[in-house]
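Starting from the given sequences, assemble the full structure and let the hints guide the process.
Line by line, the protein sequences are chains A and B. Okay, so the first sequence: first residue is 1 according to this note's numbering, each after it adds one. Okay, so the second sequence: first residue is 356 according to this note's numbering, each after it adds one.
By construction, these hints were calculated from the structure, which means they are not laboratory data. Possibly wrong hints are sitting among the right ones.
[What the hints assert, rightly or not] Derived coverage of chain B by chain A (criterion: at least 3 residues anywhere in the stretch with Cβ under 8 Å from a Cβ of chain A; other residues may be distant):
1) 529–543
2) 547–555
[Unchecked claim] Interface residues of chain A toward chain B, partial, derived using beta-carbon atoms under 8 Å:
3) L59
4) Q90
5) M91
6) L100
[Said to hold, decoys possible] Restraint-style ranges between C-beta atoms, simulated for each label pair:
7) S151/A with L452/B: 18 to 26 Å
8) W549/B with E131/A: 23 to 31 Å
9) L478/B with G200/A: 48 to 56 Å
10) T527/B with H28/A: 49 to 57 Å
11) G392/B with A122/A: 41 to 49 Å
12) T527/B with K19/A: 27 to 35 Å
Just so it is clear, CB atoms sit at the ideal spot from N, CA and C, and this is done for glycine as well.
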Amino acid sequence: MLELKGAVKRYSGGGSIFKKRWLTALDHLSLTVRRGEFFSLVGESGCGKSTLARIVAGLENLDDGELHFDGRRVPDISIFKDRQMRRRVQMIFQDPYSSLNPRMRVGDILREPLRSFGWGDAPAIEKRVVELAEIIRFPLSTLERYPHQFSGGQRQRIAIARAIAATPEVLICDEPVSALDVSIKGQIINLLIDIQEQLGVTILFISHDLSLVSKISDRVGVMYLGRIVEIGDAASVFSDPRHPYTRVLLDAIPTVNRDGRRQGAPLAGEVPSPFAIPTACRFRDRCSLAFDKCAIEEPGLDAVASTRAHYAACHLRDRAQPRKAAADPPRIPGVEIFYTNTSEHQPSNLAKETA
Amino acid sequence: MASSAAIPSSRVSALVSRLGRDPILWISVILLVTIIGSAFLADWLAPYNPIQTSLRARSKPPSLQFLLGTDEQGRDILSRILFGLRLTLMTGLLGLLSGLAVGIPTGMLAAYFPRLDMALMRLMDVILSFPAILFGLAIAGAVGPGLTGIVISLAVATIAPAARITRSAALTVVNLEFVVGARMVGLTNAQILWRYVLPNCTPALIVYSTLRFGQLILLGASLSFLGLGIAPPTPELGVMVSQGRGLLLTAPHIAIIPCTVILLLVLSFNIVGDALRDALDPQLRV
Numbered sequence: 001m002l003e004l005k006g007a008v009k010r011y012s013g014g015g016s017i018f019k020k021r022w023l024t025a026l027d028h029l030s031l032t033v034r035r036g037e038f039f040s041l042v043g044e045s046g047c048g049k050s051t052l053a054r055i056v057a058g059l060e061n062l063d064d065g066e067l068h069f070d071g072r073r074v075p076d077i078s079i080f081k082d083r084q085m086r087r088r089v090q091m092i093f094q095d096p097y098s099s100l101n102p103r104m105r106v107g108d109i110l111r112e113p114l115r116s117f118g119w120g121d122a123p124a125i126e127k128r129v130v131e132l133a134e135i136i137r138f139p140l141s142t143l144e145r146y147p148h149q150f151s152g153g154q155r156q157r158i159a160i161a162r163a164i165a166a167t168p169e170v171l172i173c174d175e176p177v178s179a180l181d182v183s184i185k186g187q188i189i190n191l192l193i194d195i196q197e198q199l200g201v202t203i204l205f206i207s208h209d210l211s212l213v214s215k216i217s218d219r220v221g222v223m224y225l226g227r228i229v230e231i232g233d234a235a236s237v238f239s240d241p242r243h244p245y246t247r248v249l250l251d252a253i254p255t256v257n258r259d260g261r262r263q264g265a266p267l268a269g270e271v272p273s274p275f276a277i278p279t280a281c282r283f284r285d286r287c288s289l290a291f292d293k294c295a296i297e298e299p300g301l302d303a304v305a306s307t308r309a310h311y312a313a314c315h316l317r318d319r320a321q322p323r324k325a326a327a328d329p330p331r332i333p334g335v336e337i338f339y340t341n342t343s344e345h346q347p348s349n350l351a352k353e354t355a
Numbered sequence: 356m357a358s359s360a361a362i363p364s365s366r367v368s369a370l371v372s373r374l375g376r377d378p379i380l381w382i383s384v385i386l387l388v389t390i391i392g393s394a395f396l397a398d399w400l401a402p403y404n405p406i407q408t409s410l411r412a413r414s415k416p417p418s419l420q421f422l423l424g425t426d427e428q429g430r431d432i433l434s435r436i437l438f439g440l441r442l443t444l445m446t447g448l449l450g451l452l453s454g455l456a457v458g459i460p461t462g463m464l465a466a467y468f469p470r471l472d473m474a475l476m477r478l479m480d481v482i483l484s485f486p487a488i489l490f491g492l493a494i495a496g497a498v499g500p501g502l503t504g505i506v507i508s509l510a511v512a513t514i515a516p517a518a519r520i521t522r523s524a525a526l527t528v529v530n531l532e533f534v535v536g537a538r539m540v541g542l543t544n545a546q547i548l549w550r551y552v553l554p555n556c557t558p559a560l561i562v563y564s565t566l567r568f569g570q571l572i573l574l575g576a577s578l579s580f581l582g583l584g585i586a587p588p589t590p591e592l593g594v595m596v597s598q599g600r601g602l603l604l605t606a607p608h609i610a611i612i613p614c615t616v617i618l619l620l621v622l623s624f625n626i627v628g629d630a631l632r633d634a635l636d637p638q639l640r641v
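Next up, the structure:
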């Protein structure tokens, strides 16, 4: 559905006019997201996740490499000026407080994409708005209100309704729950999962919350300094990580263990500057397993032996990474919420308010 | 009005509660309403014909017959003030609106298209570097003295600051995610600017316009005072001050009364503008 081949994106970051410094946000990154899957992309802040989202959403051009959408090459983002093309990819943003126009009523926010994408005549649009309100469990009376009258979670539901209004094929979620409370997170995630089941939309979910991602994804990609370092089925990546970076990220998830101690060492050092990415293996400075070869030869993103859909960019990919917690998946307080309140969703306070 | 309805009600109530606490603001609001209202009703309120001269009633001080006295040609000052105010307010408003009509789009374009930013804002700096009075002189020289020249001068004096205010307000808006969201929805740049960026700049623009209006009245009166604007005998506040100037020692009321009206009008606009700024756009407070 979505494919990036050798994608490069650089930003100029100061320097003099004679010698600009370039920040490499995406560094020959290749990635395939299949139709209908829930693909998650994880990584630390500044690794290029949001840049990737903006590229795939057709908001920014690549400096090099190719973007393919539904088997067709996207030469540059001007093809998204065609609204039928634009309709197919939609996006949900991180901050629900700045992603909705404060001067528009909720109903108008939902009508906007329908009008723009030529959903139909006025009655058809109104019918769809009612449907959308049902999907996000908003009483119809609330459509006359302005965004500032809603909470963060409610606003994020409005943003989701706007994104799915004209039935997109790909939904890019750029950290959609990072700004929300844990309990609200569950509602939003459940809503996304429901929507995916009903619409069969492809979801590219960007997050730094590994515990969350491990529960909801079909496949997952781990990003480090502008490149995918490990990619595969979520179950495989999380239970048997083959890149030392993935392993460290998993170990860093706060867990509640019987003896109360952390497993594995925390990650040493800082993320290297994206102005000067290390040569050969980009993770070697911080890797506890680094050896001579890592400084000489860059490991490709190759399949891990004995698996079918698991790739890691590490010379030691075929050596199982020691991870004590592997047998016992991380238990995070709060994550259970995603399962406990699936049934009741959230008709709660909004309905009461208007009653 | 859609935009004012969207101003969070807390701001409106803050304005109202401030009104209750602040007697000077109260007085300013009442003054503004009175002045503007009486200017509009000049045809009915004026006791005399504002250009009717009377040789027997020249330079009379205020009395029961002539509430604000008469000028050197025996014309009733109260009537002239009422009609003069109307003209002053109309030229100020026309100048303000035409200045905003150019300045607001310029500022929005500069904020929304970074490539245009440098060129447009340096152009505004050039306009800003001419004193407004000097610009008025030049325009009066080009189109001749009269209403048109004044309106053009006032408009030009408004363009550059309006563009700057709009740009700074729009810059914070264009970086918000809902503008990216509008692009995702497939809206054109014009639609985004008109429906997403402009409405979110209105508080700053309302405040700016109110403050600017007072200044434009002063500027318009100054140009007329210098003889670049409305020609006598048409009543206009600046012209009246100019005519009374020579008689300051013998009949001071002829110049002082229009001066006082200008002072009250401009002061009221400033006080109300400040209150609006505090209520609508606290970030602008210096």
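Which numbered hints fail: 7 and 10
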